[in-house]
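Starting from the structure of chain A, add chain B where the hints point.
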Amino acid sequence: MITVNGFNYYDYEPERKLSLWLREDLSLTGTKIGCDIGVCGSCTVLVNGEPKLSCRLKLKDVENCNIITIEGITLPDGTLHPVQQAFIDAGAIQCGFCTPGMVLTAYALLNKNPHPTRQEVRLAIRGNLCRCTGYQQIIDAVMLAADRLSSN
Amino acid sequence: MEKAFRNDAYAKVTGQAIYTDDLKLHDMLYAVPVYSELPRAKLISLDGSAALKQSGVVAIITAKDIPGNIRYGQIIKDYPILVDEDINSTGDVLALIVAHTREQAIAAVPFIKIELQPLKPILDPEEAMKPDAEILHPFHGSNLTNYHRVRRGDVAAAEKEADLIIEEEFSTPRVEHSYLEPESAICHLRPDGVMEVFGSMQHPFSTRRFVASTLGVELKDVEVKPLTCGGGFGGKDDTAALVCARAALCAWILKKPIKITYSREWSMRESYKRHPYKMQYRMGLNKEGQILSVKARIVADGGAYCSVTPWVTWRSTVQSCGCYEVPNVETDVYGVYTNNVFCGAMRGFGSPQINFAIEQLVEIAAEKLGMDEITFRRKNMVKQGSTTITGQVLDNHIVSLTQVLNTVLKESDYENKRKLCSLGNPNQKEWYGIGLAISYRGVSLGAEGTDVNSAIIYVQPDGSTLLETGVFENGQGAESAMILIASEQLGLPLERIRYRMPSTSNIPDGGSTVASRGTIMGGGAVVNAAIILKRIITETIQKITGKSVAYLKDSKLLDSSDNLIMSWNEAIKLCYDNQVYPYAFGVFQPPQISWDEETGQGNAYFTWVYGCQAVELKVNPQTGAVELLNMIAAHDIGKVINPYALKGQYYGGMAIGAGYALFENCPCENGLVVPTNFHNYRPPRSINLPEMKAIFIENPDPISPSGAKGIGEPANEIMAPAIANAIYHATGKRYHSLPIRIKI
Numbered sequence: 000m001i002t003v004n005g006f007n008y009y010d011y012e013p014e015r016k017l018s019l020w021l022r023e024d025l026s027l028t029g030t031k032i033g034c035d036i037g038v039c040g041s042c043t044v045l046v047n048g049e050p051k052l053s054c055r056l057k058l059k060d061v062e063n064c065n066i067i068t069i070e071g072i073t074l075p076d077g078t079l080h081p082v083q084q085a086f087i088d089a090g091a092i093q094c095g096f097c098t099p100g101m102v103l104t105a106y107a108l109l110n111k112n113p114h115p116t117r118q119e120v121r122l123a124i125r126g127n128l129c130r131c132t133g134y135q136q137i138i139d140a141v142m143l144a145a146d147r148l149s150s151n
Numbered sequence: 000m001e002k003a004f005r006n007d008a009y010a011k012v013t014g015q016a017i018y019t020d021d022l023k024l025h026d027m028l029y030a031v032p033v034y035s036e037l038p039r040a041k042l043i044s045l046d047g048s049a050a051l052k053q054s055g056v057v058a059i060i061t062a063k064d065i066p067g068n069i070r071y072g073q074i075i076k077d078y079p080i081l082v083d084e085d086i087n088s089t090g091d092v093l094a095l096i097v098a099h100t101r102e103q104a105i106a107a108v109p110f111i112k113i114e115l116q117p118l119k120p121i122l123d124p125e126e127a128m129k130p131d132a133e134i135l136h137p138f139h140g141s142n143l144t145n146y147h148r149v150r151r152g153d154v155a156a157a158e159k160e161a162d163l164i165i166e167e168e169f170s171t172p173r174v175e176h177s178y179l180e181p182e183s184a185i186c187h188l189r190p191d192g193v194m195e196v197f198g199s200m201q202h203p204f205s206t207r208r209f210v211a212s213t214l215g216v217e218l219k220d221v222e223v224k225p226l227t228c229g230g231g232f233g234g235k236d237d238t239a240a241l242v243c244a245r246a247a248l249c250a251w252i253l254k255k256p257i258k259i260t261y262s263r264e265w266s267m268r269e270s271y272k273r274h275p276y277k278m279q280y281r282m283g284l285n286k287e288g289q290i291l292s293v294k295a296r297i298v299a300d301g302g303a304y305c306s307v308t309p310w311v312t313w314r315s316t317v318q319s320c321g322c323y324e325v326p327n328v329e330t331d332v333y334g335v336y337t338n339n340v341f342c343g344a345m346r347g348f349g350s351p352q353i354n355f356a357i358e359q360l361v362e363i364a365a366e367k368l369g370m371d372e373i374t375f376r377r378k379n380m381v382k383q384g385s386t387t388i389t390g391q392v393l394d395n396h397i398v399s400l401t402q403v404l405n406t407v408l409k410e411s412d413y414e415n416k417r418k419l420c421s422l423g424n425p426n427q428k429e430w431y432g433i434g435l436a437i438s439y440r441g442v443s444l445g446a447e448g449t450d451v452n453s454a455i456i457y458v459q460p461d462g463s464t465l466l467e468t469g470v471f472e473n474g475q476g477a478e479s480a481m482i483l484i485a486s487e488q489l490g491l492p493l494e495r496i497r498y499r500m501p502s503t504s505n506i507p508d509g510g511s512t513v514a515s516r517g518t519i520m521g522g523g524a525v526v527n528a529a530i531i532l533k534r535i536i537t538e539t540i541q542k543i544t545g546k547s548v549a550y551l552k553d554s555k556l557l558d559s560s561d562n563l564i565m566s567w568n569e570a571i572k573l574c575y576d577n578q579v580y581p582y583a584f585g586v587f588q589p590p591q592i593s594w595d596e597e598t599g600q601g602n603a604y605f606t607w608v609y610g611c612q613a614v615e616l617k618v619n620p621q622t623g624a625v626e627l628l629n630m631i632a633a634h635d636i637g638k639v640i641n642p643y644a645l646k647g648q649y650y651g652g653m654a655i656g657a658g659y660a661l662f663e664n665c666p667c668e669n670g671l672v673v674p675t676n677f678h679n680y681r682p683p684r685s686i687n688l689p690e691m692k693a694i695f696i697e698n699p700d701p702i703s704p705s706g707a708k709g710i711g712e713p714a715n716e717i718m719a720p721a722i723a724n725a726i727y728h729a730t731g732k733r734y735h736s737l738p739i740r741i742k743i
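Chains as they are written, first to last, in numbering that gives the first Met the number 0: chain A, 0 to 151; chain B, 0 to 743.
Treat the hints as calculated values from the structure; they're not laboratory data. Backbone N, C-alpha and C define an ideal beta-carbon position, used for all residues, glycine too. Treat the hints with caution; some may be incorrect.
[Claimed, not checked] Which stretches of chain A does chain B cover? Using the computed rule of at least three CB atoms under 8 Å from a CB of chain B, they are: (1) 23–31; (2) 38–48; (3) 62–73; (4) 98–109; (5) 124–131.
[Stated by the list, open to error] The calculated lysine to any residue pairs, modelled on SDA-like cross-linking and capped at a C-alpha distance of 20 Å, are: (6) B:K219 / B:D508; (7) B:K2 / A:L148; (8) B:K617 / A:Q118; (9) B:K41 / B:I113; (10) B:K2 / A:D146; (11) B:K692 / A:L143; (12) B:K555 / B:M565; (13) B:K692 / A:T116; (14) B:K692 / A:Q118; (15) B:K23 / A:E70; (16) B:K23 / A:L19; (17) B:K692 / A:M142; (18) A:K57 / B:E102; (19) B:K2 / A:L79; (20) B:K2 / A:L143; (21) B:K23 / A:L25; (22) B:K2 / A:T78; (23) B:K294 / B:E168; (24) A:K57 / B:R101.
Only chain A is shown next, with the shape it has when bound in the complex (with noise of 0.2 Å):
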């Protein structure tokens, strides 16, 4: 079994990358592929709340985990989580391509750092490219939504 997004699903074959899984059997196109080598982080989902590179997985790899995508953060209502809004708020968006990896990479990081330094931020998102920021704003964004999420 693997979770997706809270749904259970038992039926797949466990040599299929999660990455074309996810995009072309579940339709969970937020998942990106960049390079498909696991090196521009555009393909990164929680596992077990730990962002790791999709491309570089297979469903055996992940069974009995749980997964969460971009598609999965948001509430069903369509309510941003507070690192999305945030990502919105500071101008970290762009073409948005590396969007999803890194507003899952930066949600892992507050997870486990609610107060992390702008330093912290630029290690934490090092494995997500990003061509269009210089990653700037993108920091600005998970600086904020630190702020905002500790003020809660």
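Below, chain B without anything else, positioned relative to chain A:
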């Protein structure tokens, strides 16, 4: 806190934005390319029979299947959509394999039997330029795609007067755009006979021309609908269009929807790059520190196909002396065919190479003359009323080079920090350096093409408004900028304006969304459309009520004493009730430029922008490792439209500049691009970059209806020389080629 505005932010942050590969059509097939293993050869035979027997394979498509033109190109029609005979690049596609799944198509690639007759490739542009070199494209008759020059004054006479002549050579590497979304296209033949194209691209109209040419149909028979674009940086033009043309070809033949999505490896192998340049400069100076002359020979390796090499190198020609007044100039710039991967547009477009050379050259000259680099720059840089090297007088806008330079000097505390630089002091454990660079840049296309754009504002009966322009969303926030300009012009809140899903069948061709021209050109068209729309509305209200509308503000129509005449919604209803459509088509036609190819003289651009960037860094004297400490930029952008998006352009531009300076290189070996993916090609990561600061300088441009100019490329074109200068100030060594590898 003021929040950022983007119309696509919610879709992107939730993963709902639809990029091309996210879309599936019913009964869709998948095509993949088969590449040439050789950089130059004749295709003797291609046998797809074994591949056709593989699981899921539906068809093998070759050049023989092309109903229209085999070759196409933006300037020279030299690029084979699929190779018929002559192979000129390892990025050449010999066939397409179509299968029920992408994986099946990929698995069949090794079963294609290809027989090639190898030919000796030309891999060095200097070799290609020799008189006895074989001509790579016989129909073109030359291995030069173009030759541009500037002739001004008398360099020989000036050199006789000069107290100092310096000669330096610089080279810059081929680099990859590294848009995170690889090329992708979906095409299907609609029942009405139109080839509908979905894809990721910067220039849907160019794509439409590629597709129409390949299929041999008219432009009306192709409708291109760009989907969310996962980054372009100039790189989603020719190759993006070629991928669409190939998908369209398969869809045309097989009558089924076709998807082609590139792997990173195919994208790196086939897609065009930034041109590598070799630049030889000779500068004559007097002892007072005045530049008397510049003689430059610049060679750009254009690779196997022309793409926009003549335009890229034209900008290098016009800007070949940087932002300095030089009375005597001889510049010769060559765009050259080789059998390397082809080169084309990339953010900066021929200026990052030149600025890397010139902004170091001026510091070398200043030092030799015993002057500081800032005084030297001030003495020679263009000012209000200056004449450029092409004879253009800079008097129709504010020349703000002094303003941007002073701003960065102050904000970075440059002059104090400059005294702290290590200059390779052997007694220091860590070398420190600060450096800067300045530039001017001609706005938009200049002689690169016809410069015009349009906008449609279409107010609905309930007062809500649809907007569309001839510029396209690459990820930079073009649509949001257009909405903001329309909102200000019409006095309507942002949420009442929606940007229409773009299509080449909706609006006239406004050229490519490149050249930092989106905001000035599209925004200009929006302002002009808004003026027409306001006239339609106010004339209707005047006719019906007798009242004169002076302003549109806060969804209200006001008279000259600020009294309410009626609400926007009431005014729109009145228009419809009186058989008047509140619909406007606006056009922005900037002034014509002029250019004389013989002398390289003319008014090259209708206006210019000015910028300055500085960087502080540390160098480890044992390892040569460079650590960037901070980067700062001031640009005169005319007018701020969208502050967060504008900052994003500054930061992203500086980041790509830093990558150019320190990390990125795309060498070719026997024509084949060596890096294959982001493990061996390294755009900067978060840990490679420092904190950045963006400073806006606003001098609204009289020619720009919105006042705004551009920022995408200005932000990208001077960080590499700023870093090179800072490294010199840290190490005492000049580096003449990129990326800089410090030798200890």
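- Going through the earlier hints one by one, which of them does the structure break, listed in rising order? none
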